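Chains as they are written, first to last, in our numbering: chain H, 91 to 344; chain F, 91 to 344.
Because the hints were derived from the structure by calculation, they are not lab data.
Everything hinted at is true.
One copy or any two copies: either way a pair holds, since identical chains are not told apart in the list.
With a Cα cut of at most 27 Å, we get these calculated DSS-like pairs of lysine-lysine:
#, residue 1, residue 2
1, K117, K324
2, K196, K185
3, K185, K117
4, K117, K154
5, K250, K199
6, K196, K128
7, K117, K128
8, K250, K324
9, K128, K185
10, K128, K199
11, K117, K150
12, K250, K196
13, K238, K185
14, K185, K154
15, K238, K128
16, K286, K154
Only a predicted model underlies this, so the values are computations on that prediction, with no experimental measurement involved.
Each chain, letter by letter, is given below.
Number of protein chains: 2
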Amino acid sequence: MSANVPTDICFSFSGLMQRGGNTGPHKDGWGVTFYEGKGCRSFKDPQPSAHSPIAELVTKYPMKSEAVVCHIRQANSGGVCLENTHPFTRQMWGKNWTYAHNGQLKGFKETLPITLHLPIGTTDSEHAFCWILDQLHYQFGEQQPTAKVLFSFIATLTSKIDELGVANIIITDGESLFAYCANNLHWITRRAPFGKASLIDAEVAVDFHTETTPNDIVTVIATQPLTDDEIWHKMSAGQWQLFCLGESINCSTD
Amino acid sequence: MSANVPTDICFSFSGLMQRGGNTGPHKDGWGVTFYEGKGCRSFKDPQPSAHSPIAELVTKYPMKSEAVVCHIRQANSGGVCLENTHPFTRQMWGKNWTYAHNGQLKGFKETLPITLHLPIGTTDSEHAFCWILDQLHYQFGEQQPTAKVLFSFIATLTSKIDELGVANIIITDGESLFAYCANNLHWITRRAPFGKASLIDAEVAVDFHTETTPNDIVTVIATQPLTDDEIWHKMSAGQWQLFCLGESINCSTD
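Could you build the full structure based on these sequences and the hints that come with them?
Printed below as a string of structure tokens:
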């Protein structure tokens with residue numbers, strides 16, 4: 091999620107968490123990272139989200155954030171344990187960088203050598219994230235470039251990762267939110283006039299008109315749409331987009 | 091906490107959380123980091139722990155861990171916000187390193203210059219942690235030394251930090267837990283035969299005999315004792331200790 095005002099994700103998360111062991115097979119752990127300014131906090135559990143007391147807290151305790159990354163895991167590379175649970179957060183350039191990956195990679199250790207940012211767990215996903223951070227360090231050194239320069243370069247990296255299998259990837263520093271689509275990513279931007287929406291995975295509906303102000307702009311990006319009565323944009327294979335303060339940013343004109 | 095078996099901290103945390111805005115003045119946020127193997131997860135809130143729904147979850151949902159770091163904050167350097175909330179976790183040598191600081195420092199920006207591990211927030215505490223990580227990188231490069239060599243060196247760093255004010259410091263990688271005492275640190279090791287204990291800050295008592303096995307060894311380190319019917323060791327100014335699998339390790343003979 092990317093938003094221009096601190097926004098909670100209780101509605102979206104109520105649907106997503108059901109896919110972790112109830113309406114979906116992604117039962118091998120889950121995590122969510124909320125940004126508040128430069129700070130962030132993560133909630134993680136290697137247990138299925140549909141049955142996790144921590145996930146239940148996240149649905150009920152409205153934490154308001156301008157950027158949120160959620161992940162529910164279906165393990166294919168690396169065992170089910172805390173260190174293999176997304177999203178992964180690392181520090182660079184005095185910021186928290188958070189990353190989540192959907193898909194699987196082959197031959198990643200050989201093709202994506204790592205020297206600086208060593209993985210802690212054993213997933214292909216964290217390995218690819220560490221490789222990205224290494225490449226950013228080699229390319230830009232100690233100085234973070236502009237968002238457009240940075241994420242255009244990250245797009246070339248995610249594209250290379252995607253060649254090793256399937257890599258739908260989300261990366262954010264809490265300001266900009268980058269999304270790379272390998273095969274499955276959908277997004278929706280909600281703004282005034284707000285309407286109603288109904289979750290696919292739970293019997294929950296919301297009238298955003300009563301929850302928002304006219305100036306709010308909120309984008310949600312998800313592997314599959316979370317609601318069945320709104321129009322979601324489907325991203326195409328190899329496409330990437332950058333979101334900031336709730337809106338899609340055009341980077342192709344740089 | 092350091093333990094030789096995965097142990098929950100529900101009892102100790104029930105007392106500590108009261109000091110964050112109820113029985114104590116440390117109302118400017120709180121956090122706790124639980125290790126499970128190489129992975130860790132943190133729960134943080136810039137709100138007072140005594141009134142935090144997240145803290146309530148931590149007291150009621152037994153997460154079992156061999157190393158835990160908790161912190162309740164009384165702000166003196168840096169505003170009350172998420173990025174200034176302890177404990178701080180960073181990655182080095184393929185491990186998660188977690189750090190918490192009690193005290194305050196003066197002139198830290200000039201005396202402790204940082205080049206590699208840039209702080210995200212504005213606290214003296216995180217700055218000192220980043221300085222420690224920089225020094226570890228310069229001293230040991232890409233290879234982590236033995237625990238005794240590493241923590242003996244860290245002790246020289248914390249001693250230097252302590253010269254800038256007050257620095258009671260806890261650092262762990264989930265295996266070894268290092269404690270440096272500036273003026274206030276107490277610890278207790280519980281092992282068979284286990285007895286009863288009563289919290290100072292809440293009307294809660296526990297009979298550890300019914301909660302443990304005879305082989306369990308659990309050490310709790312705290313600024314001030316958490317129970318009033320057990321004998322806690324008081325550390326002396328400038329003293330440091332290393333704990334591993336619940337026991338104090340003698341490093342002075344190295």
